[in-house]
Every structure is written in C-alpha cells, then in structure tokens.
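Trainee: Protein sequence lines, in the order shown, are assigned to chains A and B. With the first letter of the first sequence counted as 1, position 151 gets the number 151 in my numbering; the numbers rise by one all the way through. With the first letter of the second sequence counted as 1, position 13 gets the number 13 in my numbering; the numbers rise by one all the way through.
Hints may be right or wrong, so weigh each one.
Stated by the list, open to error - Only part of the chain A face toward chain B is listed, based on derived beta-carbon distances under 8 angstroms:
no. : residue
1   : Ser-64
2   : Ala-126
3   : Arg-128
4   : Thr-129
5   : Gly-264
What the hints assert, rightly or not - Derived CB-CB ranges, DEER-like:
no. : chain 1 : residue 1 : chain 2 : residue 2 : range
6   : B       : Gly-105   : A       : Gly-52    : 37 to 45 angstroms
7   : B       : Thr-181   : A       : Ser-64    : 40 to 48 angstroms
8   : A       : Leu-96    : B       : Ser-104   : 30 to 38 angstroms
9   : B       : Ala-428   : A       : Leu-58    : 36 to 44 angstroms
10  : A       : Trp-188   : B       : Pro-61    : 36 to 44 angstroms
11  : B       : Thr-96    : A       : Leu-37    : 51 to 59 angstroms
12  : A       : Pro-206   : B       : Gly-105   : 56 to 64 angstroms
13  : A       : Val-299   : B       : Ser-77    : 52 to 60 angstroms
Hints are computed from structural coordinates only; laboratory data are not their basis. Think of the CB as a built atom: it goes at the ideal place given N, C-alpha and C, for glycine as much as any other residue.
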Amino acid sequence: MQDQTAETPRGADLEAPSIDRGPRLSNVARERIAGYLFVAPDAIGLMIFVGGPMILSLSLGFFSVSGFGEYAFVGLDNYRRMLGDPLFWRSVQVTLLYVIALVPLLYGVGLGLALLVQADTRFNGAIRTLLFMPQTVSLVVVALVWQVLVIDKIGLFNRLGASIGIGSISWLGDPRFALGTVIAISVWFLMGFYMLIFLGGLQDIPKEYYEAARIDGAGPVQSFFQITLPLLRPTSFFVLLVSTVTAVCGSQTFDLIYIMTKGGPANSTSLAIFYIYQQAFQFNEYGYAAAMASVLVVVLMAITVLMFLLTQGGRFTNE
Amino acid sequence: MVEDSNNPTTTRNVRRGPNRRQILAAGVAGAAITGFPYVSRGLAAQTLKFWQFYAPGGGVPSQDKWFEDVVKGWNASHEVKVELVYVPNNAYMDGTKLPTAFASGAGPDLFIISPGDFLRYYNGGVLLDLTPFMEQSARDDFLPSVIANRMVDGKIYGLPYEVEPMAMYYSVDAFNEVGLTEKDVPKTWEDLLSVAKKLTNQKRYGVLFETNPGYYQNFTWYPFLWEAGGDFQTKDGKSAFNTPATVSALKFWQDAINTGVAPRKPLGGGAWDSVPNLGSGYCAMQNTGIWAIAQLREGAPDFKYGVFKLPTPPGGKYLTIGGGWAFVANAKGWNPKAAGEFTAWALGSPKDGSTGRIVDWCTKAKSDMPPTRSALEAGKAAFENGFLKIFTNEIYPGARAEPRMPPPVYKAISDAIQSCQLNGQDPAQAAKAASDQIDSFLSGYKGAPIL
Numbered sequence: 001m002q003d004q005t006a007e008t009p010r011g012a013d014l015e016a017p018s019i020d021r022g023p024r025l026s027n028v029a030r031e032r033i034a035g036y037l038f039v040a041p042d043a044i045g046l047m048i049f050v051g052g053p054m055i056l057s058l059s060l061g062f063f064s065v066s067g068f069g070e071y072a073f074v075g076l077d078n079y080r081r082m083l084g085d086p087l088f089w090r091s092v093q094v095t096l097l098y099v100i101a102l103v104p105l106l107y108g109v110g111l112g113l114a115l116l117v118q119a120d121t122r123f124n125g126a127i128r129t130l131l132f133m134p135q136t137v138s139l140v141v142v143a144l145v146w147q148v149l150v151i152d153k154i155g156l157f158n159r160l161g162a163s164i165g166i167g168s169i170s171w172l173g174d175p176r177f178a179l180g181t182v183i184a185i186s187v188w189f190l191m192g193f194y195m196l197i198f199l200g201g202l203q204d205i206p207k208e209y210y211e212a213a214r215i216d217g218a219g220p221v222q223s224f225f226q227i228t229l230p231l232l233r234p235t236s237f238f239v240l241l242v243s244t245v246t247a248v249c250g251s252q253t254f255d256l257i258y259i260m261t262k263g264g265p266a267n268s269t270s271l272a273i274f275y276i277y278q279q280a281f282q283f284n285e286y287g288y289a290a291a292m293a294s295v296l297v298v299v300l301m302a303i304t305v306l307m308f309l310l311t312q313g314g315r316f317t318n319e
Numbered sequence: 001m002v003e004d005s006n007n008p009t010t011t012r013n014v015r016r017g018p019n020r021r022q023i024l025a026a027g028v029a030g031a032a033i034t035g036f037p038y039v040s041r042g043l044a045a046q047t048l049k050f051w052q053f054y055a056p057g058g059g060v061p062s063q064d065k066w067f068e069d070v071v072k073g074w075n076a077s078h079e080v081k082v083e084l085v086y087v088p089n090n091a092y093m094d095g096t097k098l099p100t101a102f103a104s105g106a107g108p109d110l111f112i113i114s115p116g117d118f119l120r121y122y123n124g125g126v127l128l129d130l131t132p133f134m135e136q137s138a139r140d141d142f143l144p145s146v147i148a149n150r151m152v153d154g155k156i157y158g159l160p161y162e163v164e165p166m167a168m169y170y171s172v173d174a175f176n177e178v179g180l181t182e183k184d185v186p187k188t189w190e191d192l193l194s195v196a197k198k199l200t201n202q203k204r205y206g207v208l209f210e211t212n213p214g215y216y217q218n219f220t221w222y223p224f225l226w227e228a229g230g231d232f233q234t235k236d237g238k239s240a241f242n243t244p245a246t247v248s249a250l251k252f253w254q255d256a257i258n259t260g261v262a263p264r265k266p267l268g269g270g271a272w273d274s275v276p277n278l279g280s281g282y283c284a285m286q287n288t289g290i291w292a293i294a295q296l297r298e299g300a301p302d303f304k305y306g307v308f309k310l311p312t313p314p315g316g317k318y319l320t321i322g323g324g325w326a327f328v329a330n331a332k333g334w335n336p337k338a339a340g341e342f343t344a345w346a347l348g349s350p351k352d353g354s355t356g357r358i359v360d361w362c363t364k365a366k367s368d369m370p371p372t373r374s375a376l377e378a379g380k381a382a383f384e385n386g387f388l389k390i391f392t393n394e395i396y397p398g399a400r401a402e403p404r405m406p407p408p409v410y411k412a413i414s415d416a417i418q419s420c421q422l423n424g425q426d427p428a429q430a431a432k433a434a435s436d437q438i439d440s441f442l443s444g445y446k447g448a449p450i451l
C-alpha cells in the first residue's frame, strides 16, 4: 500500500508536462467526431434492425419463397401477380379510404381537443388525462371492449338506438358500416396522442401575438386562422406525416383489424397491411407479401417526399 | 483510501469512485452472471421441443395436465426427453409463431396441426412419415375417415387424438319460452329458419352461424355444402364448386342473415365460443362443435341445453364434419427418429397405452370423439353417457373428415361465403367466381392430393 501512495495519483497527469503526441485535432473536428459518435448507436441500430430487413424484404420480392427454406428467383412475377390480383387492389382501395378519412379526422379532433383544453386549469388537466387514457390501455383490450359495445342488437350503441326507434345496426358485421366503425374507434384511441402533440405546438406560440391581435381588433376565429394555424405549421407537418404512416402501416391499425374484423365482413376492412400479413403468415406467400410490402414502402416514401415539398418539411422559411 | 495530508493536490486528484477498469470488469462480471441461465441452458442436454397451445400453464387445467402426463410418461422411460412449449392459442392458430419458426429453419421437433394446415406443412417437406414407427394393427386402429386426410400415398404423417364433429345446440329455456319442446328441434333447413324466427326477439337471435372470415368459418360451412350434394373438387382434380348445391348452401346462410334470425357478429371469440353466445342468451340455437359440451360444463354449469344433428336440405342426406388436431413430427428437426417414436408411442401404440390416453383426452380433458376403434370401445361407458351419447349414436356416424386444401382454394371459398352471407351477393355469381379461381389454381397445383 505504501508503494501505491508513492505513485502519482490518477488525474495528476493533467498537470504533468505535456508529451508530444503528434498534431492535435482542431476543436471543430473534435466536435464533429463527437457528434458522429453520439449519432452512431442510433445509426448503427437503424441500419441493422431497419435498413437491413428493408433491403432483405425488397430482395425477397423477387423470389418465390416456400416458407420452409426454399427460394426460387422469379424476377418480376410477384409484381405482375399484384397487378392482376383483385384482392390486392381491393385492399389498396380500402387503405385509401381509411387514410383519407382517418388523417383529417385525427388532425381536426386532435387540434380541436388541444384548443379546448389548452388553458392551464386543474379541470383541463383532468380532462387531458382522460382523453389520453385510451393510449395507456392495451389495444387488444380496447378492441375487445369496443366489440361488445357495438355488437348487434344488445350492444350499448344498439340499445341507445333502439330507445329512439332505430333498428339494430351491425356496426362491425355490415360491410357498409364496418370500415367507418374501425375508423371511429381508431380516432377514439389515437386522439389523445395527437391532442398532446398539438398542445406542445400551441405552447410554443408566444402569447404576445394574440395580445397584439386582440388590440388590433381580431376575434378568436381570425386569431386562429391568422396566428394559430400558420404557427402550428411544424406541428401540423409532424401530425400529418405520422398519422398517414400510422394509418397505412401502423401497428394500431393492424391490431384493431386483426382482433375486431379479421379483414371482414366480405373484405370490407381488409387493409393492405392486413392482406400482406395474410399472404405471408397464413398462406406462406412470403415473396408475394414482400413485393406488396415493397410497393407500400415506395408509396409511403413518395407521400412523405410530396409532403416535404408541399410544406417545406414544416419549416417557416427556406432556412 | 489514499490520502496524503501534506499534499492537498494529491488528495483532490484521487478518484473516490470506481475506475474505468473496475467498471469494465464489473460489466463483464454482470454480463456473465445475467447470461448464465442462457449459457447453462445452452449447455444442458438437448430435448425435443413440443409446441402446442395447452401446456405448461394453459387455460384449461385438465388439458394442461393431460399433456404434462403424456410427456412425463415418455420422459420416465426414454433417454431422449420431450419438453412442452406453450404457445398462446391466438399466436398458434393464425399467428406468426409457427410459420416464422419454420421459415427461419427453427421449427419445433413436435407440434400439432389441424387438417386445414396439413398441406401447407406436408408440401413444405417438414412432416415426418410416421408409418415406420407404428405396427400395422395400430395403423388399422384409426378410423379410415379420420386418418385419410393425414395420409399421402398410404403413409401416415399425423396422428389425431380427437375428432370434433359439428352439431346444433339449443337453449331449453328459450325453447320453453316460445312454447317449443324437444320434439320441435328442426330437421330441415327450412324448419331451422322457421324455428329461429320464433326464437328471435329484441334481445336474442334465433340461430348463430360463424360470420368471422377464416378457416373455421369454412370448416363450419362445408357440411351444409355436402348435405346439399356439393363438393369443391371433382375426382379428376377440377373445381366442382359451381353447382346448384353450392348455391343452395350459400343461400341458406344468406337467408339466415337477411331474415334477421342470425347475427352478423358473434360474441366472444367467435361462433365456436358457446358460453358468450348460447350460454349468455345472445342466441337460442348455435352451430358449433362437440367441444361446446366441455365449454358449457366449465363456463355455464347451470345452463340447460340440448343438442341435435345438423338439419338437411330438401332431399339432402345428413352429414357433418369431423375436425380435430393431430400430433406431427418435424422431419427436419433435431432428432426426427426420436420425434417419430414419441408421436407413435403417445397416440399410435395401444400396447404402450395410447388407447387410454385418447380416451382420457376425449372424456376427461375435453369432450370429443375418439379417432381410434380401440378408444371408442375402451371408453364406451363415457361415450354412451350424457350428450356424448347423442354424438356417438346420432351425430358422429354422419361425420366426414375435414378437408385439407391449399390456401388459395380456402380463400376462394371463404370469399364466396362472406360475400353472400354478409354482402348480399348473388350466390350463383359467387359460386361461379370462386369456381373459376379454384380451377385456375388447380391447373397449376403440384402438391399432395387435395381431399
């Protein structure tokens, strides 16, 4: 132990005379390296767990895959098959309807709720918690509870309908209503999340703008359209992008369909993501499913690029 | 602690926390400790992994115990051990667990399949031929109608442990409520719709058929197709779907919905689930299988019900369908020979107690019909008792094996059923469209025979 106390303590080398270790990096270079090192874990993780599987999935689309280790190169056959598959096109049509209805609804409801509960009061705090609550419940539970609520004849909604003279409606069993019901349940489940995003966006808007507008004689509607909406541009971009991706291939979408309708009745809720799942895991058509998934990714990328171009990525200027 | 009171600088520079080497060493030690179970598991003697949805820890204790007992019995007398691996039902039936395991070359050594999945795994080359592991007498013990759809070219690739015929169940109270008795149970399709109409009120449907799309819905619809004299394939391998029989079976289910006597959505897991539907009073009659006896016994012990065989169309002959699961062994698994021996020992070797196991499964763990003659004889007392007696004497004799068909054929039929039942499509058009799809698929099909 005596020997150890005689040693130069750790850290003391900071004060020791400097040793020539070759040319030192500039501060800018060191910062750049530090930046890359910070990003590296995420980038490597993304490459391994997202980029790699995406490339593999894209390649799989050119093969016929048995599901038992046999692969046969088939070129563009899977893509040609897609063109002539009425069920694929039906699923695309259902997906389009779903996206066109769900995205604006989520935007409107999320923003509307955020505006209603943005004032920082105890009551609003409780309401925000209640509105966010569905997000904390397992989607399986959500789907099962809603299934009972909307069941034919004896479900809550049908009982309410019966009390005002409306006959029983099969909300999930009638092709005319099933997709609409799934959309409504999706909105109920997701609205709390988007409300929270909009609340964040609203808090970023300086109060002075509203005060100035009020002094200038602007009413609430004018303030909303002239101040709130334009200044929510980055938030709006984020919400539109995320809700579109969620609607096309989000796990919430898939789970609800899988539990509540299994794509039925009569394929009326068979979204593309569900049809891809069926082809891969129920019919062992992995190659075909991969080809459809690749098309879906390309379509989503195109939508994203379009959104970026139209909204400048949610930025206010071309900075 | 290093401290030199004469040198404050030294004292200040001494690190009191762990140094980098110590952190690294602690990390390595931590990884070793936390990784130990995996290491030890890796080093442990290899076992045959048996995937199913009953044990250990399954939802029904009697069925869990049966699987545990079978494996315990084998492990006590054999060198190569079997390990049960529980896969939740929904992850097993339509889930990704089994397909992804085989796709990645890591399929289980032993697993269970229904006839609906037979071709998928047989055509994939992973089902082991079990014939060499069985004596001729044991092979002959299986009822031909039950074992046929687990055979290819005279070889057996799966051993069933149950047969689950479909029937109609009715609520005695609901019948009494509208002045009906046991004598009024419907015998024809027309009767069924008429009785269902009487039983329908503001809170209850008269009858329930499956409406959720999937293999199970097809399974429950096939007997109506057969009763009307239809089929899906001719003897020379072409579609037989576009016939008046198909049209009438599709129309029968469509009428049940259109007349408002049957719901568009069942409660619970689906129309196989008797407690939330018949037991709860949601419907007065339900089309479901023999397993409902055990379901109602466990879930609604005070519920009064009756069972009757499927009604027939005008001029039709009574038939039903006999589903059920089978043990299969993975031909590309770790030890196919031992897996084959286990399968035969468990269910295809009366001298090793397979008959008793099947009887126990069908009468104690579940309520099913046995797939072997010896089990039918050995469990006679139980099979001639209560509701099982109705199945033994009236329902089971009309059972035809569940068809095995590739997914495209199943899907074409499923779409026809769904579009007529729930979307008002003309049954004749649906039958033709499905038939064209089946023909198009069959013309290029090269797998094992579709039965």
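Trainee: Per the hint of 37 to 45 angstroms, is the separation of the Cβ atoms of B:Gly-105 and A:Gly-52 within bounds?
Mentor: Since the Cβ atoms of B:Gly-105 and A:Gly-52 sit about 18 angstroms apart, the hinted range of 37 to 45 angstroms is violated.
Trainee: Does the Cβ-Cβ separation between A:Leu-96 and B:Ser-104 fall within 30 to 38 angstroms?
Mentor: 34 angstroms, holds
Trainee: Look at the Cβ atoms of B:Thr-96 and A:Leu-37 and judge whether their distance stays inside 51 to 59 angstroms.
Mentor: About 37 angstroms separates the Cβ atoms of B:Thr-96 and A:Leu-37, which means 51 to 59 angstroms is violated.
Trainee: Just tell me: holds or violated, for the beta carbon distance of A:Val-299 and B:Ser-77 against 52 to 60 angstroms?
Mentor: 59 angstroms, holds
Trainee: Does A:Arg-128 meet its interface restraint, that is, does its C-beta lie within less than 8 angstroms of any C-beta in chain B?
Mentor: 34 angstroms, violated
Trainee: Given a hint of 36 to 44 angstroms, does the C-beta separation of B:Ala-428 and A:Leu-58 actually sit inside it?
Mentor: 43 angstroms, holds
Trainee: Please check whether A:Ser-64 passes as an interface residue: C-beta within 8 angstroms of a C-beta belonging to chain B.
Mentor: 12 angstroms, violated
Trainee: Holds or violated: is there a CB of chain B closer than 8 angstroms to the CB of A:Ala-126?
Mentor: Violated, because the Cβ-Cβ distance from A:Ala-126 to chain B comes to roughly 34 angstroms (cut-off 8 angstroms).
Trainee: Does A:Gly-264 meet its interface restraint, that is, does its C-beta lie within less than 8 angstroms of any C-beta in chain B?
Mentor: 4 angstroms, holds
Trainee: Does the Cβ-Cβ separation between A:Pro-206 and B:Gly-105 fall within 56 to 64 angstroms?
Mentor: Holds - the Cβ-Cβ distance for A:Pro-206 and B:Gly-105, about 60 angstroms, lies within 56 to 64 angstroms.
Trainee: Is the interface hint satisfied for A:Thr-129? The criterion is a beta-carbon contact with chain B at less than 8 angstroms.
Mentor: 31 angstroms, violated
Trainee: Against the range 40 to 48 angstroms, how does the distance between the Cβ atoms of B:Thr-181 and A:Ser-64 compare: consistent or not?
Mentor: Taking Cβ atoms as reference, B:Thr-181 and A:Ser-64 lie about 59 angstroms apart, which means the hint is violated.
Of the numbered hints given earlier, the model fails hints 1, 2, 3, 4, 6, 7, 11; all others are met.
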